[in-house]
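Produce the entire structure from the sequences given, and follow the hints as far as they go.
Same order as they appear, the protein sequences are chains A and B.
For my numbering, count along the first sequence from 1 and bump the result up by 13.
For my numbering, count along the second sequence from 1 and bump the result up by 18.
The set of hints was computed from the structure by calculation and includes no laboratory data.
Ideal placement from N, C-alpha and C gives every residue a C-beta, glycine not left out.
Don't take each hint at face value.
What the hints assert, rightly or not - Reference listing, derived: stretches of chain B covered by chain A, where coverage requires no fewer than 3 residues with Cβ under 8 Å from a Cβ of chain A: (1) 42 to 52; (2) 172 to 185; (3) 356 to 369; (4) 481 to 494; (5) 532 to 540; (6) 568 to 574.
What the hints assert, rightly or not - Counterexamples of contact, computed for chain A against chain B with all Cβ distances above 12 Å: (7) Arg20; (8) Ser23; (9) Ala31; (10) Pro36; (11) Glu39; (12) Arg57; (13) Lys60; (14) Leu74; (15) Ala87; (16) Pro108; (17) Asp335.
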Amino acid sequence: MQEMIDRLRSEALAAIHAADGEPALEAVRVAVLGRKGSLTGLLRGLKDLEGDAKRDAGAALNALKDELTAALDARLLAFSGARPVTAHAYDLTLPGRAPAPLGSRHPLLTVLEGICDIFYGMGFSRDDGPEVELDYYNFTALNFPDDHPARDIQDTFYFNEKVLLRTQTSPVQVRMMEQREPPLACIFPGRVYRNENADASHSSEFFQIEGLVVDRAVSMADLKDTVDTFVRNFFGAEAPTRFRPHYFPFTEPSVEVDMQCVACGGSGCGVCKQTGWLEIMGAGMVHPNVFRAAGYPDDRYTGFAFGMGIDRIAMLKYGISDIRLLYENDLRFLNQFRGVQ
Amino acid sequence: MKISLEWLSDFVSWDDEPAALAVRLTAAGLNVEGIEEIRRTFPGVVVARVLEREKHPDADRLSLCKVDDGTGSPVQVVCGAPNVRAGITVLFARVGAELPGDFRIKKSKIRGVESCGMICSAAELELGLEGSGIVELETDLPNGTPADELYGFQDTVFEVEVTPNRPDWLSHVGVAREVAAIYGTKMSLPPIWNAVQGGESLGVKVRVEDYADCGRYTAWGAQRVKIGPSPRWMQNRLRAIGARPINNVVDITNYVLFELGQPLHAFDRGQLAGSAITVRRAPEKTSVVTLDGQTREIEAGTLLICDEKGPVALAGVMGLGNSEVTAQTTEILLESAFFNPSHVRRASRRMGLISESSYRFERGADWDMVERAALRALQLLQEHTGARIVPDWADRHDPDHRPADPLRLRVWQVNRVLGTAVTTDQVAQILQRLGLKVQPMGNAESISASAVNMMVHVPTHRRDLSLEVDLIEEIARIHGLDQLTGRGGYRIPGGAVKRPRDVARDRLRGWLSACGYAEIVTSSFMEAGDHDHLGLPADDPRRRTLAVVNPRHGGDTQMRTLLAPSALVVSRRNLNAGSTPPLRFFQINRVFRTDLPLGRELRQADEVLLPAEPEYLQLVVAGWRETGLGGVPADLLEMRGAVESLSAFLRVPLTLEPGTDEVWLDDGAAWRVRDAAGRVVGLAGRVAPGVLAAFDVDAPVALAEIRLDDLDLTPAPARFEAFIRFPAVKRDLSLLVPAAVSFGQVRDTVAEAGGPLLESSELFDIYRGKGVPEGRAAYGIRLKFRSAKGSLKGETVDAAIGTILAALRDRWAIEPRG
Ligand SMILES: [Zn+2]
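Below, the structure written as structure tokens:
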């Protein structure tokens, strides 16, 4: 019996495969599964068998019937150009089960790491320094004289006369220069503090990233190059930048860097307060007094430094209107930053 | 700082719209942050004469007037002012007139009487004149003259951001210099007293005790002063820039301050005792009343201006009430001085008193402007107060004062710093446009590191220019920063070095977020009660916090010494906000510990002064009330699993040991985390119920913390090892384990007895209840055996299992089930 079944199987499958159109296929069906078909005949013959033999042969024939029916259907669908539908009884619209629930990365740190990646690509290394910092590194070595109004720009938290919470990531510049000789190209991201009351655009704690390049003859034009490369890579567009003269005690010349507003393309909108420009960083050429504080000989090196607020850039990038949202840690906020950014 | 363009145009002219001027100034570094159009007009308000006045029939305090407003027919109007009477000339708002504050005049009935307009008071028109009643004008003005001809005013005002290095921009003349430099035009200074009219002698001697505090002090006199309102144009200008007109003398000193940047002070000469003014330091703490009516404590050492009785002004900050100019003043002593910037700054800080004067003095006044500003004020006093100016004046200045040395400038350095290719001629031209005097040196063509191309003489109003590089900044500003073009393809020297720690931290963040944890960023401060809420013992070193001495009002002061409170606060917030538990968070943040070594390479001095800032990774699961395997809370199991996975992920061996040293963790539900050397590097467990209550968290919170600084995060490169290709044999054991025996004990015994063939054992079930004797649990454990030598025979595995079962029976009285 098994032998007959095997032979029927191979013959029938060959015939199905050989059928070159629907009529031919239908002929095969009738020949095998029709009332007088070969398989139907074998099924009828089961009644002559007994016990285990009857049971085994029945199972095998029924399996073959299923197989051939499926093969016929599949062949038929091949002619009609559609894919086979397997008639399982699953409700495939039920919700799936995730391998793990999806968490999120904080937008501030996503932006911070994203910025670092761009500067890694440009050849910068990364370093960091203490958040509880000496007044010396935060101010004095950065050419903020004692009793000078320049210190008012940054409202400072003090622990005592000598120790404070750093108001900027710039003190790491001096620490780095004390330890290493140029050429240097380094970024220093981190948390900084200002003694200010919180509102939609101010937080007493926020994040900055500082960059420093020192060599025999780096120039302001090189700074412009570096800034433009960063903006192009980070904002993914050929957004023009402009330098505006400004004042920082530790750079001279000092500039503020604006980029054309990403929201309106420069025509003026609420984001850029109708100016068409967005301030993205402060920058400048390292002041000779800072080199002196770091112990470098006068005139030997030039360098540039820049610093930007991560919070502001994250707010621009994600359209966040209130800085406090970044520090509230509300899941309704955080959950919006799931997945690949 | 506000700049009135109307005022500015006295000194310089420019051919541009205000918006374009703003762009040019901003590009030169004077950031124009706002442009305000001022248009003060009074549509429908005219000069009129009151023809008749009688009492309102139904109201005692109202008058019924007929006025002639130039239209020919008298107009009836109700007026409430007490000083209205027939014959006076007034400002009359016709029906339809628009008054400040969007107030529109309509025909109305007042107590039954029709009123067609309004007779205006100075306050209603916001004219800023003195007096409360209606305005009385000169009688020769024709009726119907528009009020705009008298009081109309138009201006454009820039709100500018002046950086601390440019005090010269804190005045209209200073900004005019910049405008002239930008547009390449000339600027002029305002007129000064020409000494044509003399009074008697000043009769005041000035003494300066220490020229280090006050480099120059001049005193000037004006007599027969008539105090009254200042001229309207002056009031308009002052009001346009946000200053409040007071009287002609005070307004003139303020006007000169905003015009020339030099603070002046006018004393009532009649109130000064004696004939000597002394500039000296307060010998002791004393208390004075300043012009603003405040009583202030003055520290010893504060610089004072004194008459023969005592202090009359806080030098450079504010005058005192005892010598204030009042309506009765007839004679004035005018001070113009140069005070030491840092001295004024310290005094102003100490008293918490920042005035327009102190703001300018602490940034640095202009030495040469001291005299000129006084002469300008005298000219205005003579013109607008009817004063007779005293011909002589007192002038004391530091005999050692010298003008600043000229600066050497190398064009080579200009181009080195800016990346430009400017010539000596271009540089000289730019500097001259800025009003600097340039003295050529050597050969203009010779440009090298050692070639000084010019000496530059800096005027006294540019105290900020003291180094060669300061001049380079000026050149950059005026040459135009938009002219800078990079050399393209510039290579940063050095090349990137990515620190393993940064790489590991970043990967960790990605992995944890993929595991369902939301990253949080929490404050470095902790709340005052946090240590108590955690129940930290009194001698716990983490109670020794660093505290800021000048916190924000109501702000936290203490730097956090542990992360736990922030986890509880974030959990509470999100549970209360209705997020569906379990909530999962992680953070990588620093804490600030004065009791630990710094752990980084800092200078020796740092060691004494700075805290250690170790970085912790914290995982949090909040609000999960389910239990898992063996009845253990699911959040605890997750924390254990997370630490084990973390260990695998970072390739850093970490083990969990039941028990804790933290009082704020639930004693029976916590672990110490140890590294390969056995050091405790972290913890995991559930927060104790009492601590949850103290933080007002109404759900369980489990967390794990690892001190990342303690781990070697240099990724160990994976090393391939040949694996065994022979199949494993799996056997499941069901064991009846007495309650006193832990899984850990079972696992260790199985591992020990299983010998080298036992590859792994895995707990897949714990069952208690029907069919399992009281006091025991049925553990389902799957064992995997494998040999490197070949396929294992059934008998070999049976023997190994026999050994395992025997060991379990002997050690722990564990029997196989059924
Ligand atoms: Zn815009």
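### Query
Can you name, in rising order, the numbers of the hints this structure does not satisfy?
Structure breaks no hint.
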